[in-house]
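2 protein chains.
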Amino acid sequence: MAVGDVTMPQMHVVKGVKIGSTEAYVRYPNRRDLVIFEFAEGSNVAGVFTQNAFCAAPVHVSKAHLAEGNPRYLVINTGNANAGTGPTGLKNAQDTCAKLAELAGVNSFEVLPFSTGVIGEQLPMERLLAGLQPALNSVQDAAWSDAASGIMTTDTVPKGASEQFELDGMTYTMTGISKGAGMIRPNMATMLSFVATDAPIRRDLVQKLLKTTVEHSFNRITIDGDTSTNDSCIFVATGQAGGAEITSESDVRYAKVLEVLARVMNRLAQLIVRDGEGATKFITVAVEGGANTQECCDIAYSIAHSPLVKTALFASDPNWGRILAAIGYAGVKDLDVSKIQVWLDDVQICKDGGAAEDYTEEAGARVMAQTEITIRVDLGRGQAKDTVYTCDLSYDYVKINADYRS
Amino acid sequence: MAVGDVTMPQMHVVKGVKIGSTEAYVRYPNRRDLVIFEFAEGSNVAGVFTQNAFCAAPVHVSKAHLAEGNPRYLVINTGNANAGTGPTGLKNAQDTCAKLAELAGVNSFEVLPFSTGVIGEQLPMERLLAGLQPALNSVQDAAWSDAASGIMTTDTVPKGASEQFELDGMTYTMTGISKGAGMIRPNMATMLSFVATDAPIRRDLVQKLLKTTVEHSFNRITIDGDTSTNDSCIFVATGQAGGAEITSESDVRYAKVLEVLARVMNRLAQLIVRDGEGATKFITVAVEGGANTQECCDIAYSIAHSPLVKTALFASDPNWGRILAAIGYAGVKDLDVSKIQVWLDDVQICKDGGAAEDYTEEAGARVMAQTEITIRVDLGRGQAKDTVYTCDLSYDYVKINADYRS
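Chains as they are written, first to last, in the numbering used here: chain A, 25 to 430; chain B, 25 to 430.
Note that these hints are calculated values from the structure, not bench results. No experiment lies behind these values; they were computed from the predicted model shown. No incorrect hints appear here.
Which copy is meant is left open, so a pair is good if it fits within one copy or across any two.
The calculated lysine-lysine pairs, modelled on BS3-like cross-linking and capped at a C-alpha distance of 30 Å, are:
1. 375 / 87
2. 232 / 357
3. 115 / 357
4. 363 / 375
5. 357 / 235
6. 357 / 409
7. 357 / 87
8. 235 / 42
9. 39 / 87
10. 363 / 115
11. 375 / 357
12. 375 / 115
13. 39 / 235
14. 409 / 232
15. 87 / 363
Using the sequences and the hints given, assemble the complete structure.
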């Protein structure tokens, strides 16, 4: 069960984006496991991808195609990640693009492929290729929710965010979807997220907006510390809602788009954590007072990855010694533990490196019983800070991952 | 339940080492939770300790005392780690040493303190100090097995190793114990291990022997990636079995001692993994063909820490894509995945970065059903290699750590 509010909002249509889907039987029957995005001509598209050395075939192809120009189509399948599949996997990803390009009358490089699911098996190409025409036939502009459901794997809820905003008196839309519940510790972006706006933005700024916002959204979540082979995040600006193109970062409209995009990306990233495999709690780990951002990030991830901290959170046990231990082994040089303060929400548990004198087990237990908890750490050695989002480690995480595939 | 053969061997007496214990009620009644080691005068002692920045009070005190000279006594309690306890914790560790020194008629620095158990609570000093005299009264030379039981926490079995060996026609003994089942990813040594020999070895060589052997034993095991605040490993050479002192690494007897110590340390370290919290399988991760040892070590730990790999091992599911993903995100620069080979024991699952052609699910499932499995990775870019030992991640790991303290 997902943690807290994960409801799909009203998914506003983005002018210039159409979505179609079909049941291609990639792995399981009776599910819309093949999704196509169609972007209006002139759309500017940016992407960020996993840094896993074993990155999947579709990631290789998407990167190569993006380098050639703006894509007009995305084709996404679930049920099979097309990763660890060697030259055959690469050819399958290319053939998928070529076939869709032929059906849609565009160049092959104008199609980006995405896959998610089991690693190490070849795609069922016959069924996949047969699904392209029906998926293409079904494209329409109001299918964001269908797409969010179509790209799910072990996700228990579809994930979406949508906002409308004004620039110079004109109304624009920013809508996005994401998926992912396990093998989540994105290093560039998570598998998979697609965000679109109909605002007009020059291509290099689309890429810049994506890189800036992904750093503090998808690149700051972890469920199990396992960086996927398929992480991909795409941001498209179609420009179809009109207005002059944004061509400068000093344009006040750029700042506004950045603000909206950051909010949408954060929501999409946090939805993945809320739907983390077996998650019963949503945890914010906020580290401040650091000498630099990297050490705050390292300590936040050390806490967020500790199986002992995560099981204590699952048990609602204020076993804060495990948090101290995780801070201590994060590898930060010359850490003076006598300057460290730690809070669970408003309850200070550690003062100057030892137990806070007025701390009581009752106060700690009260916070730990919540489904949303902030672990806040002050290192007392600077002004830098960073925040990471994670979930607890429950029986169900083991169950889901011991049963998956079988 | 511990995995594989974990039987205590015949624990040979080490001349010059006596051990006593008592029920001090540190945390739970009716268990021998206070252990004392007594070393003969002239014993040379070496220690290695956790690199966790939040290292426990007894670790601070032990390091300081070791720097002053050779200790005559070790005092070890379970039930309370005396970590995250600030200045009071430091004073409690010092007071424990002072009291035992007074009772035994030695200097305070000749006592090293060790604690294991819950982090963040103060030691029950009245009960602890009251236990010192009865523990001291009980010292005898054949109590190694009692000590192995006395230092247990979540361990399900006491852990020991013992060998007799000959140097220049004289018979010597090497005997040791260890404990630990969770918060295990030692970075210097694990909490706790004590190894003794009655061979005569100069003090600097005792330290050198310890450092050399700990690197490929305790520093190459992981259960949950959580480096403890209390890890300590002590090696003592009493010299009480006679013979000329070993004063050079080129002495052939040094090589022999190194060989025996490495075997004893490996056994003690692997016993900890075999008794890992919730462990149902013992896993060897052997990485070879690396450009240097560090990258082999990094990849081995990346696999050994992956919750997805560990749950697949628990489920006996040959989901080898998760192994590839863990190799890929280990952060090794310029990794050419097309040169990578992976085996589960004798079954090649990955050839040149993709699925091995002759691999079958049946063959993978056969190996995964074993309780002892070797994951072997060849990086194909050099001659370096390294090996890490770990266990799987089961429901019981979550259960043990969600229940601990309650």
